[in-house]
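Peer 1: From just these sequences and the hints, can you work out the full model?
Which chain is which? The protein sequence lines are C and P, in order. All residue numbers in the first sequence are consecutive under this note's numbering, ending with 386. All residue numbers in the second sequence are consecutive under this note's numbering, ending with 123.
These aren't lab readings, by the way, just hints derived from the structure by calculation. None of these values were measured; they are calculated from a predicted model. The reader is advised that the hints may include incorrect statements.
[As the list claims (entries may be wrong)] Incomplete in silico selection of chain P near chain C, CB under 8 Å:
(1) T70
(2) G71
(3) D88
Virtual Cβ for every residue (Gly too), placed ideally from N, Cα, C.
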Amino acid sequence: MKTTDNSDRSAIIVWDLPTRVFHWLLVVGFALALITSDDSRYLYAHVYGGYLFAGLLAFRFIWGAVGSRYAKFRSFAYDWPSVTAYLKGLINGQASRYIGHNPAGSWAIFAMLLLGLLVVITGLVVLGGEERHGPLNGLISFKVGKGTKEIHELLAWSMFGLVVLHLCGVILESVFHKENLIWAMITGRKEAAAGTPGAAGHHLLGVTLLFVGAASALSYFHGYLVETADSPYRPFRGPQLPDNAVWREACGECHLAYHPNLLPARSWQLMMDEQAEHFGDDLGLDEETVKEVTDFLVKNAAEAGMTEAAWEMMESIGPDEKPLSIVETKYWKHEHKEISDAYWKSEKVRAKGNCAACHLDAKEGTFEDSSMRLPDLSKSERKP
Amino acid sequence: MKKKLTLFAAVALSLGATAASAGAVDELLQQYQTQGAGDFSAERGKQRWHEDHPDPEQPGKVRNCSSCHTNDFKAIGKHAKTGEEIDPLAPSVNKERLTDKKFIEKWLKRNCKWVIDRECTPQEKGDYLVFLRDQ
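Peer 2: Below, the structure written as structure tokens:
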């Protein structure tokens, strides 16, 4: 839809409300997922960003088929020669003005939609495989989940690259045609020659879409609104891991009963064989207790691969290594390298083995990414 | 006949009551005496409780019972190494204290080895128990 006639213009609706709501919520979802991608503590929010993004994509694919005039995919399905012609025009200073998407912009839109779909799919694979959550939980192995993570990141950053390109295009065209395209995506209106057909507003659908988006956020995060200091909200509950009363009492009297899934069976065997020299102490457990505890530890050790931590622990330990201290393992150190000394020395943490100071699910042994909370340090503790 | 039964019930009841009040500590004290201990003294138990012993892991520092249990038997203690909370020692505030023979023996063994670097003698263990049961 080209216009070259500058006389007798009037504002028409180009972007219907659902398309605009889709656009800006997509920005929110993508930004949220991007900001929270670096720290696994924010995994829960990252996954929400992804779900929002996925839901919006699904809507857009439907709206691209049945939506209003300029939202329909068919209305901006340009061939490659149109793109090169448009770009050449830009360089020569004679690019035509399009009411809907221009050919270069449309290719960026389609590429972002396709890339977004791939980001969502790979994200679900990582979530199901590595984190054992989401719709694909149980269908994907740890290995595949972890391997897909790099692809997911690569795709997401490519998507980010396209967003930057899209923004450059918007600014370039806004300057070139002296019209604010960002504003047009907010009001939905653009100047057009009289007689140019406008799009239907679809206001009810747009408001509904906005409402569904807000409601989804509220229902997803509402646990944080009702949590108390004594029972902080724990998004993502891990699987119910095997438990044993004798083990819990024998180990839990002096320290957190570290769940067997945190060390390999050979480590637990050695630890129980050496119970008379347990980190400098003689446990003096009777034979019956030793047997029951050892059996439980060995049976449910890291080899059983019940959690992400168990799998990572096995991957990081050599076949001949028998670590006895969890906090001395390579995996543990890697995962805690960003925790400053102030925390370890604080009254609330005291020792590296005090997992429960930050991990809300330490007792259960699941060590979910989203169940981590660094304690608030007092002022004196914060000083280096 | 009825009188006899009543008498029998009274005897049985009083026997049962004696057995309950004897409890874990008395049984252990008897056991320690068969292992060679003499009379027990709460005063000696108190002295031993406060005795300092060199800490083999931290030269210059000392260990004693209150390293973990604190000097207030009615307060919650704290494991010296891990910081894990320890229920109060005093039976007057913690009904479960000194009621389980196996538990008492396990912890006396473990804690004696930690504080004085050897197992306690039956005499020492008995002194601790008679001191603690009055708290």
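Peer 1: Out of the numbered hints, which ones does the structure contradict?
Peer 2: Going through the list in order, the structure violates hint 3 alone and respects the others.
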